[in-house]
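Protein chains in written order, with the working numbering: chain A, 6 to 120; chain B, 514 to 645.
Be careful, since some hints might not be right.
Said to hold, decoys possible - The calculated label-pair distances, taken between Cβ atoms and stated as ranges, are: (1) A:Y88 to B:N574: 36 to 44 Å; (2) A:W61 to B:T617: 18 to 26 Å; (3) B:T533 to A:I120: 48 to 56 Å; (4) A:V57 to B:L609: 38 to 46 Å; (5) A:A107 to B:T618: 36 to 44 Å; (6) A:L42 to B:S580: 15 to 23 Å; (7) B:V560 to A:L94: 24 to 32 Å; (8) B:W615 to A:Y88: 35 to 43 Å; (9) B:S580 to A:I92: 45 to 53 Å; (10) A:I92 to B:W645: 46 to 54 Å; (11) B:T534 to A:V36: 39 to 47 Å.
These aren't lab readings, by the way, just hints derived from the structure by calculation. We treat Cβ as the ideally placed atom computed from N, Cα and C, and that holds for glycine.
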Amino acid sequence: MLVDLLTKRYPGMRLWLTQRLTALVMAGYIVLMVLLLLIQQPTGYAAWRAFVSPWWLRLATMLVFICLAMHAWLGIRDVMRDYVKNIILRGYLQLLMEILLAVYLVWLALILWNI
Amino acid sequence: MASVMTKNRSPSRPKNLDLTTIRLPINAIVSIFHRLSGVVLFLMLPVMLWILQTSLRDEENYLYLVSFGDAWWVKLSLIALVIPLFHHFYAGLRHLGQDVHWMTTLQKARFSGRVVLWLDVISVLIFAIVIW
């Protein structure tokens, strides 16, 4: 039944599930980060840098941000569909939003790469 | 769908769109703030990325950022930034619960809506105490 709903015949169901799954990933990441910060309490530049340095944390951060980009894309698209009635304007706004998200992805990748 | 519904309604029915007298029920308040906080968080992404980048560039930039964070208005801005974060987090978890049919009766949804708003307040207060 659930698998049936996720086939190509119901693209909306896939988007719906994507929004929920990415939300769960981000929620888990936030809880994990808060716990890690509370345990390690990095103070000062060296400690802060060491805190962010482990490869798995950088990888997790990148993957979570990819989830965030998908989640934001769906959310902002839904909001614009409700409030921006002009289809042409909405198309441009959506393109702008997509460009911004792509730039942010590259930006974060550069930040994490250069640690 | 919407046009069908409007067609069936009487055109003379009373309307109230006065924002000063409309009182949203708690579920609507939690919902609209979930949406609003999502948009705000999206708009704040470059700020968050800039903070992360500056904090990691070198010691000088890190110390600059820390001294910047000492100003009272920066602290207030930080608090203003985490309000949508906490709300989107808690209200989102509430929606996920409702997706799996947890607490979906009107009474229970009102209760969970109140819980979300109280969690917002408590979390923001704790955050404010921690950074001050």
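May I ask you to test the hint 46 to 54 Å on the CB atoms belonging to I92 (chain A) and W645 (chain B)? Distance hint for I92 (chain A), W645 (chain B) holds at roughly 48 Å.
Take the C-beta atom of W61 (chain A) and the C-beta atom of T617 (chain B), compute their distance, and say whether it sits inside 18 to 26 Å. Given about 38 Å between the Cβ atoms, the range is violated.
Cβ-Cβ distance between A107 (chain A) and T618 (chain B): within 36 to 44 Å? holds (43 Å)
Using the beta carbons of T534 (chain B) and V36 (chain A), state whether their distance is inside 39 to 47 Å or not. holds (41 Å)
24 to 32 Å as the expected CB spacing between L94 (chain A) and V560 (chain B), which holds or is violated: At 26 Å between Cβs, range holds.
Could you see if the CB distance from S580 (chain B) to I92 (chain A) stays within 45 to 53 Å? holds (48 Å)
Could you see if the CB distance from W615 (chain B) to Y88 (chain A) stays within 35 to 43 Å? Hint violated: Cβ distance 30 Å, outside 35 to 43 Å.
36 to 44 Å was suggested as the range; check whether the CB atoms of Y88 (chain A) and N574 (chain B) agree with it. holds (38 Å)
Is the gap between the beta carbons of T533 (chain B) and I120 (chain A) within 48 to 56 Å? holds (51 Å)
Is the distance from the Cβ of V57 (chain A) to the Cβ of L609 (chain B) consistent with 38 to 46 Å? At 28 Å between Cβs, range violated.
At the C-beta level, are L42 (chain A) and S580 (chain B) separated by a distance inside 15 to 23 Å? Between L42 (chain A) and S580 (chain B), where Cβ atoms are some 21 Å apart, the hint holds.
The structure is inconsistent with the numbered hints 2, 4 and 8, although it conforms to all the rest.
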